[in-house]
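Asks: What follows is each chain in one-letter form.
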Amino acid sequence: MHRLLKARPGQKMLLLGNEAIARGAIEAGVAVATTYPGTPSSEISMNFFQISLETDLYFEYSTNEKVALEVAAASANCGVRSICVMKHVGLNVAADALLTLAYVGVKGGLVIVTADDPFMFSSQNEQDNRYYAKLAGLPLLEPSSAQEAKDMVAYAFDLSEKLQEPVIFRTTTRINHSTETVIPGDVQAPQPRGDYTKDPFNHVPIPAVARKLHARLLNRLKEAEEISETSAYNISTGNGRWGIVCNSVSYKYVVDAGTDLNMGGKTKILRIGFSHPLPKALLKDFLKGCEKVLVVEEGEPYMEEALKAFAQEEGLTLPIKGKSEELFSRLYEFNPAIVRQCLAAYFDVAYTSPAVPDLSDLPEIPQRPPTLCAGCSHRATFYVVKKAAEGMETICPTDIGCYTLGFLPPLSMGDFLICMGSSVGTSCGFSKVTDKKVIAFIGDSTFFHSGIPALINAVFNNHNFTLVILDNGITAMTGHQPNPGVDMKALNLEGYGHVSIEAIVRAAGVSQVAAIKPYRVKKSIAAVKEALNYKGVSVIISQEPCTLYAKSLKKLRGKPFFVGEKCKNHKNCINELACPAFFIQNKRVKIDPTLCVGCTVCAQICPEKAILPLKEKS
Amino acid sequence: MKITRLIIVAVGGQGNLLASKVIGEAALQSGVPVGMSEIHGMAQRGGVVESAIVFGDAQSNIIADGEADVVVGFEPLETLRALNKCNADTIVITSLAPLSPSTAITGSCPYPELKKLQAIIRAKTAKLIAFDAAALAAQTGNVLAVNMVLLGALIQTGTIPLTVDNVKTAITTISKQAFAASNLEAFELGFSAAKTSG
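Residue numbers (this note's numbering), protein chains in the order written: chain C, 272 to 889; chain Z, 6 to 203.
In short, the hints are calculated from the structure, not lab data. Among the clues, some could well be false.
Looking from chain Z toward chain C, a few residues come up when the C-beta cut is under 8 Å (computed) [to be verified]: (1) G51; (2) Q64; (3) D70; (4) N92; (5) S107; (6) Y116; (7) L119; (8) K129; (9) A131; (10) V169; (11) D170; (12) T174; (13) T177; (14) S180.
Restricting the straight-line Cα-Cα distance to at most 20 Å, the calculated cross-link-like pairs of lysine to aspartate or glutamate (DMTMM-like) are [what the hints assert, rightly or not]: (15) C:K658 <-> C:E847; (16) Z:K129 <-> C:D632; (17) Z:K121 <-> C:E847; (18) Z:K7 <-> C:D531; (19) C:K378 <-> C:E432; (20) C:K378 <-> C:D466; (21) C:K283 <-> Z:D94; (22) C:K858 <-> Z:D62; (23) Z:K121 <-> C:D531.
Quick reminder that beta carbons are idealized off the backbone N, C-alpha and C, glycines included.
Work out the full structure, taking the sequences as your base and the hints as a guide.
Replies: Pasting the structure below:
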C-alpha cells in the first residue's frame, strides 16, 4: 500500500512538503487530480499517480496546464472534489482558463496548486503567483510548513465549496522540498462520481452572462474577505509595538530571528496564510497598534503595497517598509541570516553576524554544471545536427527539457528560449527576418504541450526552418512522467491511448519529415542535411529512449567501451561530445566503464577507430 | 533543545538524499526535532545536491552562509565549495575520492590538488576529518555505500544529537533489504575511519 495511504492518523511521520500536500488532498477526499509535471511541484503528482493505481482516485498527466485545469474545472463543476497541480509558470499556460473559470465558478471543491520557485533553482523565471489570485479575483492560501500545507490543502476544498470558486494554493520551493514532521489526519471517503446540471446562463460566459458573473465574483470576493478576516490561517503572536507582517517560509525565519535577537516583548507578528483577499480590517487594526512595521515576503511587495494603501485609508503615517535597497530584495529567496539582519537593521537591535571565513584566497573552484547523462541520445542528436549544419550560419531556438543543457559548450546548440513550446513559434520569426538557417529543438513532451499550434502556424504561414523533435519517449527532466507519445502498454499500464508524433507532424501539413536513430551517426547526418536543405518547414524526429529511464527499467542493452592502443590523442571524443563517461588520466582519454552505456557515438567519430567494446571478463 | 545545523553536499547519484532520510528517520524515532531542506532540481544530471538538516528548537530548515555546525561532503571539491557555509568552529568531514566535473575534465579549470584542498579547509574550520570513503564503500562490496560510510563518520564525531543505535535502526528500516547488511558494514567502517582520520 502507498505510504501516504498507510499513514495512521495521529502518528507522526516525516513528509516532504509535496507528500504532505498530496496527503492533505487525500484526507479531503479528492477524487480527480490533474497536472503537467514541473519542478518543484512534481512529487505531488507523482504521489497522486501512484495512489491512483491503488484507489478510485482519477489522476492524469494532461498534455499541458491549461488542459489540466479544464479537466479539473469540469469535474469540479460536476460536484467532484478536484485538484490541479503545476509549477508557477504553468499557471501562465492555464491563465486563459483560470481567469474566466473565476467567473463561471465551481460546485465541488477545486484547488489549484501553484509551486513558485524563488531563486529559480529549476525554472526560467521567479514570478510571484500571488498576483494571479488578485488578477483572477480568487482566494489564495499560503502555508509556512509541511504540516500546515497538509491541513491547509484539506481546508482549501471546504473553502472552495463554500465560495463556489476555485482556490489557489501557492507554495515555494522551500515548502515543496522541505521534509518535516507531520501528523496525518483522518481520510474522508472520496465521491468519484458526479453529475452535471445544465445551467447555460451561468456557465456560458457570452458578454451578457459574463457581465452578471463578474458582479457575482466580486460578491464572492467580499465573502472571501470576511472569511479571511477571521481565518485561523492569519496568525497573530506577540504584543510589542514593532510589527512584522510575513507569509510562507519567511514566517519561520522571522520567528527564529526574533529568538536570536531577543526581540520577545517588543514585536508582534502577523503571519498571513489567507493572502487574497487580504484581511483588511485585521491588518488595519494591526497597523494601529504599531510604531513601525516591517513586511517580510519573498518575491514582490504584494502585501507591502496593500498595507501602505490600508494605512493611507486610515490616515496612518507610521513607517511601513519591506522591499528597499537597505532591506529586503525582490530577487531570489530569503534565508534566516538575511531576515535576522534586516530585522536588526530596521528595528535597530544590536547584532553581530557570524564570521564567515575569508574565502578570498581560495583557488578557482571548477563549476559543476548539470550535464546530459553519459550516452544521452540528445548529445548524439546535437552532434549529428551540428555536423550536418557545418558551414551554415544558424540560429537554434531551443526549448524546455533536459536538452536545454545542449546550449552549453562544446555542443553549444541552443540560442534562444522563452517558454514551453517557444522553439517553434520563435523559429517562425527568426526565419522571416534573417537569412540564417533556423534549426529548432523541442522534446516530445514539450511538443505535445505547446509545440503543435506553432508548427501548424509555420505550415500555414509558409515559414522556413527545420524542427528537430527529440523524442526520447518520456518526460525526462521532471522525473520520467509519461506523455501521449509513450507506449504505456510497454510499462504494463492499461487504459491509455497512444499518439504518434510523426502522424501529427504529417497531419499538420509538413511533407519533409524524417525519423532518425541518432546513435547511427553517418546515416543521421545525411538525413538531417536533406532536411536542412529543404525550403519550407522540415521536421526531423530523433528517436532514442532516455538512457537514464532505460537504465531504471533495466532495459539498457549497450556494453561499455574503452579507449584502445590505436588512440593518437586527438581528443575529438572528449572535445566534441564531452560525455561524462570520459575522464583524463596521465593526459590520455579514458572511459569510465561504470558510466558508459555503449551508445557507440564516440567510437563512430574517433578518427583512429580506437574506441572499442570492452570484452566482458570471463 | 540546542540547535545543530548540518549541511550535506554531494554530486547527484551519490546517495545524499538517502543519507538525509536515514538521519531524519533516526531523529523522528528518538524524538529529536528535525527539519530538512533539499534542492534536487537537476540532481540526476550530475549537478550538486545539497541537503540542510536542522536539529533542535529552530523553525527554519535552511542554513545561511557561515552558519553550519557540521559539513559532510561526499566529494572533496564539493566540500571545498561548501566552505561558505562554515565558520571557524565548524567540523568538516569529507571523502577524498574525487569525481571530476566536466569543466575539470575538458581542462577549462583544473581540479584542485587534494593536499592543498585539505590544507585550506583545515585552516578555515575547527576540524577536518578526511578519508577515501569510496574505497571503504568498495570494501563492503557495495560501491554505492559512500553515503553510509560518511554517515558513520558523522555519528562518530558526536556533533549531531543522534546515537549509534538510533542511526543503525534507521539504516535497517530505510535500506532496501538486499543492501541493509552492507550499509551497516559501511557505517561501521566510516565510524572507525573517523576515529583515526581527524
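Asks: Going straight from one Cα to the other, do K378 of chain C and D466 of chain C come out at no more than 20 Å?
Replies: At roughly 10 Å apart (the allowed maximum being 20 Å), D466 of chain C and K378 of chain C satisfy the hint.
Asks: For a C-alpha distance cap of 20 Å, please report whether K7 of chain Z and D531 of chain C respect it.
Replies: Within the cut-off at roughly 12 Å; holds.
Asks: Compare the distance between the alpha carbons of K283 of chain C and D94 of chain Z with 20 Å, and conclude whether the hinted pair is satisfied.
Replies: violated (34 Å)
Asks: Under 8 Å, Cβ to Cβ, is where D170 of chain Z needs to be relative to chain C, so tell me if that hint holds or is violated.
Replies: violated (19 Å)
Asks: Sort out whether D62 of chain Z lies within 20 Å of K858 of chain C, counting only the CA atoms.
Replies: violated (52 Å)
Asks: Identify whether the interface hint at L119 of chain Z stands, where standing means a beta carbon of chain C within less than 8 Å of its own.
Replies: Not OK, violated: L119 of chain Z not within 8 Å of chain C, min 12 Å.
Asks: Just to be careful: measuring from the Cβ of D70 of chain Z to every Cβ in chain C, is the smallest value less than 8 Å?
Replies: With a closest approach of 5 Å, the D70 of chain Z hint holds.
Asks: Can the restraint linking K658 of chain C and E847 of chain C be considered satisfied, given a maximum Cα separation of 20 Å?
Replies: Measuring from Cα to Cα gives roughly 10 Å; hence the hint holds.
Asks: Does the structure keep K378 of chain C and E432 of chain C at a Cα separation of 20 Å or less?
Replies: Holds, at roughly 6 Å.
Asks: Go through the hint on K129 of chain Z and say holds or violated, using the shortest Cβ distance to chain C against 8 Å.
Replies: Check passed: Cβ of K129 of chain Z comes within 4 Å of chain C, closer than 8 Å.
Asks: Tell me if the straight-line CA distance from K129 of chain Z to D632 of chain C falls inside 20 Å.
Replies: holds (11 Å)
Asks: A closest beta-carbon separation below 8 Å is what the hint needs, so does S107 of chain Z meet it against chain C?
Replies: Holds, because the Cβ-Cβ distance from S107 of chain Z to chain C comes to roughly 5 Å (cut-off 8 Å).
The structure shown violates the earlier hints numbered 7, 9, 10, 11, 12, 13, 14, 17, 21, 22, 23.
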